[in-house]
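Novice: The hints should help you fit chain X onto chain L, whose structure is shown.
There are 2 protein chains.
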Amino acid sequence: MDVSLSVPSRRAITRELASYAADSRFAALPDNVKREATRAFLNWIGCALGGCREPAVALAAATVAELGGSPHASIIGLQQRTDVASAAFVNCISSSVQAFDDAHLATVTHPSGPAGSALFAFSEKSKVSGEDFLNAFALAIEIECRLSNVLVLPPSQFNVGFYVTGLTAPIGVALALGNLLKLDQQRMNWAIGLGASQSAGFRATHGTMTAHFRPGHAARCGVWAAMLAAKGFTGDDYSLEADKGFFDVFSAQADLALAVDGLGQHFELLSNTYKPYPCGIVIHPTLDACLEIRQACNANAKVAQATLRVHPLALSLTGVRTPGTPLESHVSLYHWAAATLVRGAAGLAEMQQDCIDDPEIATLRARIEAIPDATIGRGEAIVEVMLTNGQTMRSHIRDARGSVARPMTDEELDAKFSAQARMVLAEEKVQALLQLCRGLAKVPDVGKAIGAVLHG
Amino acid sequence: MDVSLSVPSRRAITRELASYAADSRFAALPDNVKREATRAFLNWIGCALGGCREPAVALAAATVAELGGSPHASIIGLQQRTDVASAAFVNCISSSVQAFDDAHLATVTHPSGPAGSALFAFSEKSKVSGEDFLNAFALAIEIECRLSNVLVLPPSQFNVGFYVTGLTAPIGVALALGNLLKLDQQRMNWAIGLGASQSAGFRATHGTMTAHFRPGHAARCGVWAAMLAAKGFTGDDYSLEADKGFFDVFSAQADLALAVDGLGQHFELLSNTYKPYPCGIVIHPTLDACLEIRQACNANAKVAQATLRVHPLALSLTGVRTPGTPLESHVSLYHWAAATLVRGAAGLAEMQQDCIDDPEIATLRARIEAIPDATIGRGEAIVEVMLTNGQTMRSHIRDARGSVARPMTDEELDAKFSAQARMVLAEEKVQALLQLCRGLAKVPDVGKAIGAVLHG
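Those protein sequences? They're chains L and X, same order as listed.
The numbering of the first sequence is our numbering, which starts it at 843 and goes up by one.
The numbering of the second sequence is our numbering, which starts it at 843 and goes up by one.
Bound conformation, chain L alone (with noise of 0.2 Å):
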């Protein structure tokens, strides 16, 4: 009996997506690949100005102001600047904290938050061109949506409880920072392995401040893991795939192939979706039903009791009946319903207290049925409703508005970010950073731009 290092039993994908992330340019992107990086940046953007203000951000900065390290990078919304892993980490929890970022349906993943957090950071501290920072986020959402994919898809038996985006982000940020740093071969297989050495987070935390933390320790890991590959801090050449490696451990069964087949052909990236509303994925569907059928109904009708039929992870994942805080409501698809049914809009408003604690939404929420049901797809719904006058509605909904196949529109995208920008910036500031995010491949120094629109 004898064990090697090094040598792999299963196919050496970690060197292959070293391979690809040391040789990833924006030249060789599909336009199609160029135009969603670029729609998903100037969403994350506009997450983390929605964002920053939220109690959560509040306390992760005075912790990286006891804890953090040189100004070199901004903290978005505050007026203060710390290393570029710290900024990271708290500027992600501001594009988090409200759940309205983006999500990797078929993983429930949300790539560009700890991708956006990372690389905003260090363009800041070093110079980034447009092209090369779309690049290198662009191949961080593949990274982390192509290893999401070998950890939840079949034949992996993969457990639910785990936070996907906390394993793959940190591997996915150490190779676009990686690329940035032009990191070669070796060093990128040593970032995978670092990156992977940090993969963490379980979703029972969920509802709480430390589900925001999740995606920002996520991006922190990955700055790390890219910074001390770059000094040359050694690792394993396969560490993915080996075993007592990254998949053996989370994902044993799981196909490797997903990782790596269609490299640079085919895009997961496309895949990735902006979410209309600010609450878990799996809940959208039936915020669409609500919607038709709110709208369908006569202004002053009152909805008397729902019945929910939702992909069975609607429930796994946002199954709480009764939120106590607007952290909470993000994983209640029972307060969303309800909210949505009385007030025809489910927005920020439908998050924040007020709502959460109005009688007349948490008498609904009590009288809401849900009902899990695998025939039904996860981006689908339908909704029964009864009104006090006895009048019954009915809502199926196939596919969820902002899903792969009925996207968020360039105008539907432009003012999710307006609104959002528009709380801690002034009218002309959140025109200007709309216009240099949508132009952002044309930016010759990302960091400085967007750094002149937000201090300046």
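It is worth saying that the hints were derived from the structure and are not from the lab.
Copies of the same chain are indistinguishable here, so a pair counts whether it falls within one copy or spans any two.
Capping the alpha-carbon separation at 35 Å, the derived lysine-lysine pairs in DSBU-like fashion look like this:
id, residue 1, residue 2
1, K969, K1271
2, K1073, K1271
3, K876, K1284
4, K1073, K967
5, K876, K1290
A quick note: this is a predicted structure, and the numbers were derived from the prediction, not measured.
Specialist: Chain X in isolation, oriented as in the chain L frame:
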């Protein structure tokens, strides 16, 4: 179907541990625990001094120079100060990198590194008495080893590929630092969840610098968890036992009672041991046998071949046949057996490159057969040797030197410490530090007193 936040289906061990950590005081510790905590700290700081000149430490310190924060704590052996979390990170790499630290054999956890590194760094920023320090240190080790028992011991079906220290140390460190920060039970709960949300690491990195990154990262994560919780950053109250929580994802069948039964009465810390040899703990009984055989031989005798009969875990974790570097030697049972049989010693010299490259040792490495035998205990080994003159010799070790059954004596620990400390300190400082550590409970300000010796 309904999912409620914060309602555990299993025993609420998170709260029990939080409560224990909040109330833990030095005066309540039995004398043997006080003594063992003192010995563990002496062993830890010796290892940190012995390892602080290794290349991995220099690279980590260089990265910390870019990403680390305010100069609140020292990097041992370097003229560099940084924030508490980053100092914990680097100093723990130092104490780990020679694989000479400590081990809780039942779970192959190395508890002192993250605990000592995090608490010592904190004690340089904030005044901590020797009694409070040792209490927190014992607490961290106790929690780490108990949580490791839950993960690893039956009925758990644990994946041996996970790096146990990386999973449990962030939680142990968070609670110990929480004790020094005087967190109330609510914040202790959150600290546990924040620590557990950073639990990470797998064994495929063995033999590289990343293997030693992992405990350093765990130390740092524990610091962040406690500091964030101290600010009021919220988390789940049941993160360990919850559905989709820590044990659900890492070891679902586990017996949670192992974490909490007999807290304050039975101390798992007393099953932690100090390494007499700088390599994987599962190699140690083989080295005792090799030394016994070597000492019984004529000084000129040469070993022609050897057979090792060992616990299967020894081969699973340290089965590397041909190490290329000192770091790879840590996980090469074959190298250590060969080097010990040739040189009659198993110390730091036997992990150096010249020993790895020694043709006589390389030849013997190839002539060693290692047989995994499930009837052999973890601390047991049988070595049979044939000399070049045809003579055969045999040694059967039932309890390795340094094990719970044959613990390192105070004199042996002092000698180990002194040899390590002499690598970076003048003799008078070595002796002063030894006396200080031996009497640590009486020291009014640990960071100041030790800092005066290290940097004075």
